[in-house]
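Peer 1: Working from the sequences, and respecting the hints, build out all of it.
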Amino acid sequence: MRIGITGICGYVGLALVKRLRDRYDVVGVDNGYKSQLKKIDGVELFDVDIRDSDSLKKAFNGVDVIIHLASVTGVDACNENPDVAFGVNIKGTENVCRVAGKNGSGLIFAASMAVYGNPMIIPITELHPREPVNIYGKQKLLGMEVVRTLSHMEGFPAFVFVKSNIYGSYIFDGKLITKPTVINKFFMNVTKNEPLRVFSPGIQKRNFIHVEDVAEAYVKGIEMIENGFEIYNIANSSSVSIAEIAEKIADISRKFGFSPKVEYVENPRKDEVVSESFDVDVSKARNELGFEVKRKIEESIEGMFKITESVSS
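Numbering (our numbering), first residue to last: 1 to 313.
In short, the hints are calculated from the structure, not lab data.
Predicted model, so just to flag it, every value in this text is computed and none were measured.
Incorrect hints may appear among the rest.
The calculated DSSO-like cross-link candidates involving lysine-lysine, where the alpha carbons are at most 27 Å apart (straight line), are [said to hold, decoys possible]:
| # | residue 1 | residue 2 |
| --- | --- | --- |
| 1 | K261 | K18 |
| 2 | K255 | K220 |
| 3 | K261 | K192 |
Label pairs and their computed distance ranges (CB to CB) [unchecked claim]:
| # | residue 1 | residue 2 | range |
| --- | --- | --- | --- |
| 4 | R98 | N227 | 16 to 24 Å |
| 5 | N79 | T149 | 25 to 33 Å |
| 6 | N227 | R254 | 24 to 32 Å |
| 7 | V265 | G155 | 46 to 54 Å |
| 8 | K102 | E263 | 47 to 55 Å |
| 9 | F256 | G174 | 19 to 27 Å |
| 10 | D25 | D47 | 18 to 26 Å |
All C-beta atoms, glycine included, are put in the ideal place defined by N, C-alpha and C.
Peer 2: In structure tokens, the structure reads:
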């Protein structure tokens with residue numbers, strides 16, 4: 001089987017490559033935007049921007065399943081470069097769908113919990129109202145609708161993975177791979193002897209899932225995708241407050257010789273709604289894909305310290 005991956009050199013892409021390159025023929029496209037590597041052993045890699053439909057078609061000719069990870073992620077990045085963000089997140093997604101339609105490929109699209117907006121019904125299921133409150137969530141929702149529409153029009157099977165906040169680091173071909181997500185930023189603050197700054201009041205809850213659990217969800221998706229269109233929540237079942245996460249990291253870090261402080265600062269996004277719960281129903285992914293979250297936050301944070309020590313030594 002031939003697997004195509006957009007954004008292959010990124011945070012999730014490389015974690016996925018670890019699991020695929022010995023089992024499948026893997027081809028990837030990446031334009032270098034926030035890429036963590038420029039070359040990947042055992043993978044056919046093309047320097048392609050997904051907005052370039054002709055180059056994308058050539059690179060992905062004959063692929064059986066496409067994992068669409070390439071995007072401009074986060075509210076700040078979308079606000080700073082709105083034209084680029086729209087071009088990648090919407091037009092680029094359309095181009096990927098057109099390739100899937102041409103090849104008859106299965107497609108798995110990476111969405112975000114931001115498409116749901118502020119939680120209204122707990123736990124959050126795939127049927128939760130989709131009312132995003134920021135530009136990133138709105139673009140991801142529009143991307144979902146592009147995938148849904150073209151999947152039906154052109155007859156290719158598609159999954160949408162609605163992922164929660166990703167964290168964690170790992171080693172890929174001897175290189176430490178990470179990304180400045182919420183938990184990872186706190187971890188980096190500790191290693192730089194900087195305070196862990198929590199936006200007040202700190203009780204706002206988020207749902208966190210390890211990057212390697214996310215990669216394993218994609219493997220399950222590749223194995224199960226056959227026909228139709230489905231949406232799956234890829235998340236932990238329970239949520240945790242930002243203050244709790246900061247305190248956990250501070251406590252664990254003391255085992256490794258650090259003594260960080262947790263500071264509470266004013267939230268620059270004053271209109272942000274504080275969610276008392278962000279629990280997610282993942283039963284559909286568990287029952288239909290056989291997906292289970294394996295990694296616990298406390299153990300994974302401790303693992304991040306150990307991985308960083310091993311790379312530094």
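Peer 1: Indicate, hint by hint, whether the structure satisfies it.
Peer 2: Status of each hint after checking the structure:
1. K261 - K18: With a Cα-Cα distance of about 36 Å, the restraint between K261 and K18 is violated, given a limit of 27 Å.
2. K255 - K220: violated (36 Å)
3. K261 - K192: holds (12 Å)
4. R98 - N227: 16 to 24 Å: holds (19 Å)
5. N79 - T149: 25 to 33 Å: holds (26 Å)
6. N227 - R254: 24 to 32 Å: violated (52 Å)
7. V265 - G155: 46 to 54 Å: holds (51 Å)
8. K102 - E263: 47 to 55 Å: holds (53 Å)
9. F256 - G174: 19 to 27 Å: Holds, at about 22 Å.
10. D25 - D47: 18 to 26 Å: 19 Å Cβ-Cβ, so the 18 to 26 Å window holds.
Violated hints, listed in ascending order, are 1, 2 and 6; each of the other numbered hints is respected by the structure.
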